[in-house]
Amino acid sequence: MLAKFFHRARPHGSKKDGYRAVPDEIKKQRRLYYIVIAIIALAFIATTVNTSFNPFIIFFNMENFIAFIVNDMIPPNFGRAVGLWDSLIQTISMAFLATFVGGIISFCLCFLASFQTSPSSVVVRLVRGLASLQRNVPTIIWLFIFRMTFGIGITIGFVALLFNTVGFLTRMFAEVVDEVGNESMEALDSTGSAYLPKLAQCVIPAAIPGFVSWLLFSVEINIRSAGIVGAMGGGGIGMLLMGHLNAFRYRTAFAFILVLAAVIIIIGVITDYLRERVLSK
Amino acid sequence: MTVRAKTAADESGGAAPMPLMVKNRHGKIRIHNPKYTRPFNVFLLLFTVLSLGLAYIIPYDFGRLLVRIVNIGDAIRPLLTIDFSEIDLILPFFYQTLSVAVLSTIYSALIGLFFAVFMARNITPNKFLPPILAAIFTFIRAIPSFVFVLLVLVSLGFGSAPAIIGVTISSTAFFARAFAHAFEEVDSGTLEALEATGANRIKIFFSAILPSALTMVIAWLTVNFETNFHGATILGVVGAGGIGHIIAMAFGSNRFGRAWVAVFAVVLFTYAFEISTNILKRKLKGLG
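Protein chains in written order, with my numbering: chain D, 9 to 289; chain A, -4 to 283.
In short, the hints are calculated from the structure, not lab data. Ideal Cβ placement from N, Cα and C applies to all residues, glycine included. Among the clues, some could well be false.
Claimed, not checked - Calculated cross-link-like contacts (lysine to any residue; reagent style SDA-like; alpha-carbon spacing at most 25 Å):
#, chain 1, residue 1, chain 2, residue 2
1, A, Lys198, D, Ser192
2, D, Lys36, A, Leu216
3, D, Lys35, A, Ile131
4, D, Lys206, D, Ser192
As the list claims (entries may be wrong) - Chain D regions said to be covered by chain A (calculated; three or more residues, Cβ under 8 Å):
#, region
5, 120 to 126
6, 210 to 219
7, 245 to 252
Claimed, not checked - Partial pick of chain D residues on the chain A-facing surface, computed with a CB cut under 7 Å:
#, residue
8, Asn58
9, Phe108
10, Ile112
11, Ser129
Chain D with its partners taken away, still in its complex shape (with noise of 0.2 Å):
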């Protein structure tokens, strides 16, 4: 089908005409599309033999999984779920502080890494390659290194949690500074203004909003991984979740799946609505 759509729309004519039928830059387009196309399928057939997994298997085991989740998850069971609302506040807490803190190293980093404000174009690239290290590599790392040498709990996971916040939100934020800087930055610079009264009222309120939707954001991811972290030593909810599962106790632990989704969907839902209103103003 998608080959079909490939070939359409070609006009009768022929090459003889001196009537080219696709334009050079489309059949480029065309030919990058066909590329990305056979690799994937590459990848596809090469990770499938590597692993010899078969879709199938999964309407082999339909009724296996099934009944699992009838008899041994349903109903959840509360009752047990001994401290799952500290925990779900320790989780909260790591996000909503990870957050903070990151949000004010990255205000801090981000004129540094903006090509609009930052004294030379070697400290930009020092700060984006620092904090794309920060972004890449996977919060579980960051953990195992901190686990290293910190030992287990919640201050670990909002170190963890820190890291990956300063990496993303360093990055978003010089975006927003490379955005909105150029012209009303020019103008101040005609007016003989210094350096930090540029940033502060030029720059700064011109990008309040762009900043607040990331930290928005933000909250959102770190709610997620701040799970995930936990699960892996971080502390918080994640952590008596995966105690609970590794224990067999599936419904204790699918009461805390349902709290631990219940607020992070409640916290996307409040994060969506807050970032529409600061973006449509």
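Using the hints, position chain A against chain D.
Only chain A this time, still in chain D's reference frame:
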């Protein structure tokens, strides 16, 4: 200074434009429009109070953290080793994680594409389907993928299959929503024109909607592949094999040299992937 006042007035709705020069109580020109800035100030204040208030009632142990940071040299010294001797053991595990990420992305993209057709409000066959599907997928998306993997593990046993299926479930939810959004952004005029020529739904989908959403689809594929790859590295830690297993084992048994090689493999791959997708995006943008 007036430049700023102008923009603020323009963006505050424009119903009652602010005069260009308003003096404040110190006799200086006012450059902020309080109507415009107040919501942000209120939000930032609330956010600060909420974060610090929650932090106050939770027993964070920053004292110990500070002590450890002071002695960070002792803690880090054993970490500073690297050991490439077991790389032939590590690479198959890395390949397994990569396979989980690739296969789950491909399968979930296909399933997500299928559901997105019913979820996009402009092409759905039944107007009750989008909200129901959206609710289901929002719920699935809110559950971390390792939970699904552990649940599938119970009925399927160990191996790559539960990892692939578990990650596929949570990433299908992501794809369905993303693709549905991409489909909804297709120009409604195009659809009407095609309907007027008597094309049926399936034809419209394959000749108008999918092609115009293709760039978005590829963008979401790359984004979600990264998420799935990170998700797949985590799975090893919970006992579903892969590179995460090596990392967890090596860190757990203090063989840090080995762990670093595995970490490097993950980071190197993530970087290489990011760079190549950036090149691809630039090329597609340049041509499109």
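Tell me the hint numbers this structure goes against, listed in increasing order. 1, 3, 5, 10 and 11
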